[in-house]
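Peer 1: For the protein sequence lines, the chains are A and B, in the order given.
Number 99 in our numbering belongs to position 99 of the first sequence; there are no gaps in the numbering.
Number 127 in our numbering belongs to position 127 of the second sequence; there are no gaps in the numbering.
I should point out that these hints are in silico values taken from the structure, not numbers from a laboratory.
Glycine is no exception: its CB is placed at the ideal position from the N, C-alpha and C atoms.
A couple of the hints might just be wrong.
[Said to hold, decoys possible] Lysine-lysine pairs mimicking DSSO-like chemistry, simulated, CA-CA at most 30 Å apart:
1) LYS182/A with LYS97/A
2) LYS97/A with LYS142/A
3) LYS241/A with LYS92/B
4) LYS58/A with LYS373/A
5) LYS111/A with LYS131/A
6) LYS351/A with LYS118/A
7) LYS257/A with LYS19/B
8) LYS92/B with LYS248/A
9) LYS257/A with LYS233/A
10) LYS197/A with LYS92/B
11) LYS131/A with LYS118/A
12) LYS56/A with LYS297/A
13) LYS247/A with LYS19/B
14) LYS257/A with LYS297/A
15) LYS182/A with LYS297/A
[What the hints assert, rightly or not] Distance ranges between label pairs, derived from CB positions:
16) GLY186/A with GLN156/B: 44 to 52 Å
17) ARG203/B with ALA249/A: 53 to 61 Å
18) LYS153/A with ILE139/B: 29 to 37 Å
19) MET161/B with VAL39/A: 58 to 66 Å
20) VAL39/A with SER72/B: 50 to 58 Å
21) GLY269/A with ASP79/B: 45 to 53 Å
22) SER118/B with ASP179/A: 35 to 43 Å
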Amino acid sequence: MTDPIDSSAGLQRRTLLQGTAGILATGIAPFVHAQEKIVLRYLGTAVNQDKAIAEKFKADTGIEIQYVAVTTDDVTKRAVTAPNSFDLIDTEFFSLKKIVPTGNLKGIDTKKIKNADKITTLFTKGEVAGKAVGDQGTAPKKVIYLEGEKSKKFAAAPTQFMSLIPTVYNADTLGIRPDLIKRPIGSWAELLNPEFKGKAAILNIPSIGIMDAAMVVEAKGIHKYKDKGNMTKAEIDLTIKTLIEAKKAGQFRALWKDFNESVNLMASGEVVIQSMWSPAVTAVRTKGIACSFQPLKEGYRAWAAGFGLPATLSGKKLDGAYEFINWFLDGWAGAYLNRQGYYSAVLDTAKAKMEAYEWAYWMEGKAASQDIKGPNGDLLAKAGAVRDGGSYEQRMGGIACWNAVMDENEYMVRKWNEFVAA
Amino acid sequence: MSAPNSSAHAPSPSVHAVKAWWQAAPFALVFLLFFLIPLALIAMVSLWNFNEYELIPAVTLRNYASLFEGCSQLTDNGDLCVTLNTYLSTFKFCLLVWSITLLIGFSVAYFLAFHVRSSTMQTVLFVLCTMPFWTSNVIRMISWVPLLGRNGLVNQMLMGMGLVEQPVEWLLFSDFSVVLAFVHLYTMFMIVPIFNSMMRIDRSLLEAASDAGASGWQTLWNVVVPLSRTGILIGSIFVITIVMGDFVTIGVMGGQQIASIGKIIQVQTSYLQFPLAAANAMILLAVVLMIIWGLTRLVDIRKEL
Chain A
1 MTDPIDSSAG LQRRTLLQGT AGILATGIAP FVHAQEKIVL RYLGTAVNQD
51 KAIAEKFKAD TGIEIQYVAV TTDDVTKRAV TAPNSFDLID TEFFSLKKIV
101 PTGNLKGIDT KKIKNADKIT TLFTKGEVAG KAVGDQGTAP KKVIYLEGEK
151 SKKFAAAPTQ FMSLIPTVYN ADTLGIRPDL IKRPIGSWAE LLNPEFKGKA
201 AILNIPSIGI MDAAMVVEAK GIHKYKDKGN MTKAEIDLTI KTLIEAKKAG
251 QFRALWKDFN ESVNLMASGE VVIQSMWSPA VTAVRTKGIA CSFQPLKEGY
301 RAWAAGFGLP ATLSGKKLDG AYEFINWFLD GWAGAYLNRQ GYYSAVLDTA
351 KAKMEAYEWA YWMEGKAASQ DIKGPNGDLL AKAGAVRDGG SYEQRMGGIA
401 CWNAVMDENE YMVRKWNEFV AA
Chain B
1 MSAPNSSAHA PSPSVHAVKA WWQAAPFALV FLLFFLIPLA LIAMVSLWNF
51 NEYELIPAVT LRNYASLFEG CSQLTDNGDL CVTLNTYLST FKFCLLVWSI
101 TLLIGFSVAY FLAFHVRSST MQTVLFVLCT MPFWTSNVIR MISWVPLLGR
151 NGLVNQMLMG MGLVEQPVEW LLFSDFSVVL AFVHLYTMFM IVPIFNSMMR
201 IDRSLLEAAS DAGASGWQTL WNVVVPLSRT GILIGSIFVI TIVMGDFVTI
251 GVMGGQQIAS IGKIIQVQTS YLQFPLAAAN AMILLAVVLM IIWGLTRLVD
301 IRKEL
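Using the sequences plus the hints, can you model the full thing?
Peer 2: Shown next, in the form of structure tokens:
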């Protein structure tokens, strides 16, 4: 197990995970490229890996993007254990607490990023339209800057080097079936309302699911957390206890882990209320089934993903990766993502590539003046419809907390298993 | 394989011993590379410490200790601790699935072996049994979901016939659906070995039993069952090891809210808690080995084969 570590010179010997990494990496045939042709291996979740984006980028620059699609958990796992198996990583900000200390990521030089200063203040300052938003959990502003290019530490104040360049982000809330609930839903507390016994579901990704549960606990007035994204052991106990009680009372129909699972649960009517992701709500709707992404008075749980560069990337590939990031922030991809219901990191450039009526619907919360179509031409909303949650400022301004990795992560996972086993 | 023969009239035992070693070498090597070494690594990692992003090779028993933490008393909710609770639920599924698959598997094998006369027909029916295996496990499992759901076909039928007023909820995401899926998926692992050992039963034994005045049941119980026990044992080992380690079926059919050891290990690996997962895996391995050891006490599998 020592051999592969030597190959990734300069890295901590104790970091045995990287030993496994080396083994994995050597299992992958070394990429040999002709001088002019660059292929970037893009590691991320399937959600963000759109074929159209790769095709457009190749048409524009000649650089090929090769998607490596794995789950959110596996993105982190590979970043920690197999840093040489990708050239560009697309991961969530909360994973950084695990990845950055390994030294497997290199700081991104913002001097080489054309639109770096236009990245929304949500990331750089934690503000939307000049107003601070909730920063509980792993808020991007806490982890976006590194002390230097090779640093394993986050910087408290802005520096030249960013850990990730934000790509997409959004704020999650409960998804409901208005046709089956038939009354307004306005609070996270409804998730555990016995009225929906046997018809509710929660996310079975422990670190995210527990935050949703915490939103419920706060909404029910059981406890006020100092930081929902970084609970104490006692707070974890309390949150899990609430979940176990609900589970024993038969509240949950199922737990879900995967995008499609949540779509199926909702579309089949097995579940009428559940924590949900915005594109999953869209997916239920395109099946012709009523589903809303319900704004709630306690606010949203936000998440954000971004591009990172592996520490070992160099030469032409590194230039190619920078070119891709620059291209990505240049508007075409941003507009594409905005039309899917996500938000793009640089709003100005995306706006330039969208029609005025699209921008008004997606970003300003105005009624659609004509039919709204997704990037692939599917009808998403008829003229006159208004986006759930309103404008960008309303939605992103309503962030209560961010997806996070807690200090007590190990204990939390153990307690979560207790919930699943109860 | 030639070892038992050669020992009888071996000119020089040492030459044969060398030959035997050579014959065993390829498989031993594969076994060593892909089983023993990884297993040793897992055992080693299970003793390591870790944090969010690295494994620390310092021997500690904390992973094992944390598995059994709180197991000496009931939790606040009156449950056993997670580990015991999970093992109990896994054992429950094991027992249910094992007995049902055994019953069905034995019956099907018996029918194929003794009631179907022509060997062509036997082959045709046997292939028919394996046919579902041409699609993937997960697909076969998921296809139950629209059938058993709240608005699924079964509930529509029951309500249409006026048998129930409200949709039956326990059909899906319940112990019932988990056992159903397991039985559907793994009965074949019982049928094949039992059928195989039944085909090797000397038919004259059945005639002898009948001549001696044994009834059908007596023949079945005193002749067929004892002579098929190798098959039963092999089938049982398949089914039990699969159910003990499963996390996909229990996850999909149980609505992700039924615990299994496999599921816990999977969650731990996805959170980079490899040492905890390794400790869990070692314990699971020990438990499964004990079950198999217990089973092989009942049948001397080497002698029977």
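Peer 1: Does each hint hold? Answer for all of them.
Peer 2: Right, here's what the structure says about each hint:
In summary, the hint linking LYS182/A to LYS97/A is not supported, as the alpha carbons are separated by about 42 Å, beyond the 30 Å threshold. At roughly 10 Å between alpha-carbon atoms, LYS97/A and LYS142/A fall within 30 Å of each other, so this suggested pair holds. Proximity of LYS241/A to LYS92/B is assessed by CA-CA distance (about 25 Å); at most 30 Å being required, the pair is judged to hold. As the CA atoms of LYS58/A and LYS373/A are separated by approximately 24 Å, the hinted pair is consistent with the 30 Å bound.
At roughly 27 Å between alpha-carbon atoms, LYS111/A and LYS131/A fall within 30 Å of each other, so this suggested pair holds. About 13 Å separates the Cα atoms of LYS351/A and LYS118/A, which keeps this hinted pair within 30 Å; it holds. Annotation: proposed proximity of LYS257/A to LYS19/B is violated, straight-line Cα distance about 54 Å (limit 30 Å). With a C-alpha separation of about 19 Å, the suggested pairing of LYS92/B with LYS248/A holds against the 30 Å cut-off.
Proximity of LYS257/A to LYS233/A is assessed by CA-CA distance (about 24 Å); at most 30 Å being required, the pair is judged to hold. Restraint check for LYS197/A and LYS92/B: the C-alpha separation of about 26 Å stays at or below 30 Å, so the hint holds. Of the supplied pair hints, the one linking LYS131/A and LYS118/A holds, its CA atoms being roughly 17 Å apart against a limit of 30 Å. Note on LYS56/A and LYS297/A: the hinted pairing is violated, with a Cα-Cα distance of about 40 Å set against a maximum of 30 Å.
For a cut-off of 30 Å, the pair hint linking LYS247/A to LYS19/B is broken: about 62 Å separates their Cα positions. A hinted pair counts as satisfied when its Cα atoms are at most 30 Å apart, and LYS257/A with LYS297/A qualifies at roughly 25 Å. As the CA atoms of LYS182/A and LYS297/A are separated by approximately 19 Å, the hinted pair is consistent with the 30 Å bound. The hint said 44 to 52 Å for the Cβ distance between GLY186/A and GLN156/B, and at roughly 34 Å that hint is violated.
For ARG203/B and ALA249/A, the Cβ-Cβ distance of about 59 Å falls inside the hinted range of 53 to 61 Å, so the restraint holds. The hint said 29 to 37 Å for the Cβ distance between LYS153/A and ILE139/B, and at roughly 47 Å that hint is violated. As the Cβ distance of MET161/B to VAL39/A is approximately 60 Å, the hint placing it in 58 to 66 Å holds. In this structure, VAL39/A and SER72/B meet the distance hint of 50 to 58 Å, their C-beta atoms being roughly 57 Å apart.
Between GLY269/A and ASP79/B the beta carbons are some 31 Å apart, a value that contradicts the proposed interval 45 to 53 Å. Checked against the hint of 35 to 43 Å, the C-beta distance between SER118/B and ASP179/A comes to roughly 58 Å, which is inconsistent with it.
Comparing the model with each numbered hint stated earlier shows that hints 1, 7, 12, 13, 16, 18, 21, 22 do not hold.
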